[in-house]
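Student: Each protein sequence line maps, in turn, to chains A and B.
Residue 287 in numbering that gives the first Met the number 0 is what sits at position 288 of the first sequence, and the numbering runs on without skipping anything.
Residue 282 in numbering that gives the first Met the number 0 is what sits at position 283 of the second sequence, and the numbering runs on without skipping anything.
There could be a bad hint or two in this list.
[Stated by the list, open to error] Okay, derived cross-link-like pairs now, DSS-like style, lysine-lysine, Cα gap no bigger than 30 angstroms in a straight line:
1) A:Lys-862 x A:Lys-782
2) A:Lys-126 x A:Lys-74
3) A:Lys-697 x A:Lys-729
4) A:Lys-233 x A:Lys-269
5) A:Lys-69 x A:Lys-840
6) B:Lys-262 x A:Lys-840
7) A:Lys-855 x B:Lys-262
8) A:Lys-74 x A:Lys-98
9) B:Lys-278 x A:Lys-862
[What the hints assert, rightly or not] Computed from the model, here is a short list of chain B residues facing chain A with C-beta under 10 angstroms:
10) Arg-19
11) Arg-20
12) Ser-24
13) Leu-25
14) Gln-28
15) Ser-31
16) Arg-32
17) Glu-202
18) Cys-218
19) Tyr-235
20) Asp-238
Just so you know, these hints were derived from the structure itself, not from any lab.
For every residue, glycine included, the Cβ atom is placed at its ideal position computed from N, Cα and C.
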Amino acid sequence: MAMEITQILLNAQAVDGAVRKNAEENLKQFQEQNLPSFLFSLAGELANEEKPAESRKLAGLILKNALDAKEQHRKYELVQRWLALDVSVKAQIKSCLIKTLSSPSGDARSTASQVIAKVAGIELPQKQWPELIGTLLSNIHQLPPHTKQATLETLGYICEEVSPDAVEQDHVNKILTAVVQGMNSSEANNDVRLAATRALYNALGFAQANFSNDMERDYIMRVVCEATLSPEVKIRQAAFECLVAISSTYYEKLAPYIHDIFNITAKAVKEDEEPVALQAIEFWSSICDEEIDILDEYGGDFSADSDIPCFYFIKQALPVLVPMLLETLLKQEEDQDQDEGAWNIAMAGGTCLGLVARTVGDDIVPLVMPFIEGNITKPDWRQREAATYAFGSILEGPSPEKLVPIVNVALNFMLSALMKDPSNHVKDTTAWTLGRMFEFLHGSTLDTPIITPANCQEIITVLLQSMKDVPNVAEKACGALYFLAQGYEDMGPSVSPLTPYFQDILQALYGVTRREDAGESRLRTAAYETLNEVVRCSTDETAPMVMQLVPLIMMELHQTLETQKLTADEREKQNELQGLLCGCLQVIIQKLGSSEATKYVFLQCADQMMGLFLRVFSSKSATAHEEAMLAIGALAYAAGSNFEKYMSEFYRYLEMGLQNFEDYQVCAITVGVVGDLCRALEDKISPYCDGIMTQLLKDLSSNQLHRSVKPPIFSCFGDIALAIGENFEKYLIYAMPMLQSAAELSAHTSGADDDMTEYTNSLRNGILEAYSGIFQGFKGSPKTQLLMPYAPHILQFLDSLYMEKDMDDVVMKTAIGVLGDLADTLGNSAAPLIQNSVSSKDFLNECLSSDDSMIKESAEWAKMAISRAISF
Amino acid sequence: MAPPDHRRPYKRPAISDQQRRRELSLLRQAQSRLDAQHRARCLASSVLSLENPEPDSVPELELESKPGEERSEAPPKEFDVRQASKLRGAEARKWFARQLMLPEWMIDVPDRLSQDWYVFARPAGKRCFVVSSNGAAVSRLRNGSILHRFPSALPSGARTRDVSGSAQSYSILDCIFHEPDQTYYAIDMLCWRGYSLYDCTAEFRFFWLNSKLAETGACEPPSQYHRYRFSLVPVYNCDHSGLHAAYTGAAPYVKDGLLFYNKEAHYQTGNTPLALVWKDENCSQYVIDTDSQGNVPKQQQVVLELQEDGKLTTSDDPPVVFGCLDGDFIQKSGLCLGNLLRFAIGDGGLSFVDGGLDKADLCYLGKSNRARAFADSYSKLIS
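Sequences and hints are given; from them, build the entire structure.
Tutor: Encoded structure:
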């Protein structure tokens, strides 16, 4: 076999499809017949200098893929499979891999590095392969440069793969020492230095202890800063990437270095090649991110006992930072606005300027105004564009008091520039800037409106006109209109200032969606999004005009369903359009359905609409399915029990949605729609509940389904129980054990990270909502006693949640509500149980004195229910 | 170790509209779930729902509906107060008229007055419901017509960005709008943040009203998101000092009689003997009806409802018959079933036999003001 494998691996890369297929089949058979021997052959192939480069590389890749997979479930299987392999085989494979690190072939070394990291990722957390780090680092100084480079690269991959707590501090120290020495300017070989710099990037997360030690930190920082001055551009870029990572990981340690870093970054921004300059700007953007977070968290009044202090680096650097960023704005690329993938120094600089404005607020305004005033009327489009971009960038952050007077002066200028400026680029940025003005300085929470009866008409006229401009400008004009409409959302019941123009606005937006070139610059999407927002923010008086939109959008959707014989590319566009149209209908349904006055009129189209939505399900696109499903949920909500007539036809798509593990968003939305149906149909959903419950239970047991869908499924149990009441009886024996075991799992979060805690809390909330719905569903029925056997466990769950002390407010509110529901439904027979629970005393008291009004109210309710249960 | 991609969004909104639609749907679903839960929890207090609509004899008052307005859709069977707010004309008047707890006139002193009753001075003004939900508060008079629609610091009463709790949850207060200081005096609380207080005792409701209203800031002076000030009314036990305080004590408002509430009474809609009103010239300037100019008419007037058989009844349940119109008269005057008619009480006054009404000397004046939703109650007429 060992002889053969080379040929098979080469065949697997053959041009001839049949040969390739055959080879893949052979590999599969080999793997199935004898896994240890298969893996060892691959490792041997990779390590063998006699073999062709192609077969060695593929051998390494197959080996790597045999150790790891993107999909969580598959990954777990592969890990278990490797751990179960015979120790001696594994030792042989590992030794082949280590040996390959000194291969003269760069490809082979690099492949081996990655495979070693994957094995380490499995074994180090299990305390296996303890000698790995020692082996890699022994004699590192004596190694020839190419082996040294591969070793450092391997260390980098290992740090990327393994979590810091799987590596003991002694090894961390050794890794960091080797890496930092490799980065040092005394290292003559650039490949080694680059590999070391990239390895440091991954190793930074391991260096907590080292960064707490002044001497070690000083040394690391000095080496990183020196590397930013390397003659080799890739090393400079990698070194700046390290600085960016340090800025977020070790923000609180940066104070002694910030001055030097500013000088280094300023130099890079000014004179270095673009990839390096971009990283230098990113350093400051990242500092802004940190300070915005810190200031957000402490609401501006940071105190000595805050976790991470704010050092106000941005505020201090402001006088030098702002001019540096403003200068970058003049380095635009000619057609960057038409190029979706563009990212250049002017874009990065403006983005950073926006972050700086959010960090320091008012202080930035006087520093930017002279630049704007000095450039905005210049003949060179670059200057006008840079000035406009600077203005647009600082509109978020400073106070309205500071900005409104300036905006009031600038608004007319901007409107006229949008109409008259000869440069598309300037117009694009101008429309964007108008959008930012409306986003941040227009709305019911602001005291002085920038849009008044005097200028409203002109603003709208200009925007609608601009929507006929080239696609990228039109797209920004749509965006501006989006925020303009949004600002009137919270107006209350008074007459919207948009009413006189409403018809024109709808017409213009609809017109844009039908433009031939609407596919460019995501113009069509922007037009629909704006149309949606205009509809969302509309008032009753314009409802008839929104109503007129319904047949138009339905006709459009109908047409997409009629077109046939499309190329794959056309089909994709068609599906995207179907998604947009379903989305638009969804928004209209939600709007018109929310008022009794308009609901009945638009529900006359419900049959047709439903027919169209069902046809969308015949497409293969997950996005289109998702949008159609969302729209159907909204329709069910509006139609109420009248929705029943669609159920027989709709049901199979509902089931399809619930089975869609792959596009879990579709599944999640379908679960939500089941809830909508329960509330709309109430007991009329009964005939479909067997099927729905079966599917939901399957979903819960599946380890393929994305975990985020599981909490809503539990909540959905509650929706069903509330809808069908005591008829939920027959599902109790399936649902209750499922809830119980999930409850046990979710009771404790010890040692979990933030993500996991958040997930656990959403799971708890789902479980509790299920209990709530079930209790309330059974309330008043003769069958309530069926729930009695579950009461002890549920109370225990509540008690353990209370004891654990890590539930969030939402869980707290739902949990205390469940206590009330239990008392309410089970009444006196549960009284002894309730009185014995911690929840009914300490937990309830804590909730009763909560500052959160929702928790307090749930608790008051629970108190009332308990006192009733106990006294009767 | 692919180099990190530090590309940031450029000139793009951070959230896609699709994501927004998804989130709004989730929000709607979560809210509906909460509402469904609340409904289930408040089931016992289904006073809010209109499950027992009036028997067939829905009176046809003059409709406020404009000509051509669609009236074909029968209103759905079940309402809550928010849906009821969308009722128009006669339907709205009927619905709201039924929702307030209306005191009977105090004819004799209840037993255990000093232990079981509260007393407070009724502010002079318009009795109304204030419903706050969905970012606005609406006050409705007894006849269902809207008095004010305004932003308020009540829960969900304004579209401020920092709404705590759900926008959909609603609160209902029983208030009197006192014109002179433009203040709503809250005299009872029916629903608070979606929780029904209908089947709670007056004792609990008053306690809740006292502890919750001030928390919201609704008692603060008016501001941009809070157009009318709310205020509490001092409530006393019906012992000697309490009665004295309510009767003679200074109040920040013009008094209009005393209201007595039984501590154990639930909020019962319509006339109830568990709430009583007392008026004399010391504690009210409105002891007797006045016309719109404030003049006291020569004869006391009553408003009675015309029934099928021509009988004239009070608004009590069961109605008390005060008189009878003959068929000819009804036809000639173009009156129809359910009309509210205004009568003057003639010199003959009312005469009683065995504690029951025997006859009344009534003199027909005309139809009552169309804004009136129901006839006077028995206890008002005989006091």
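Student: Which of the numbered hints above does this structure break?
Tutor: Structure breaks hints 5, 9, 17, 18, 19, 20.
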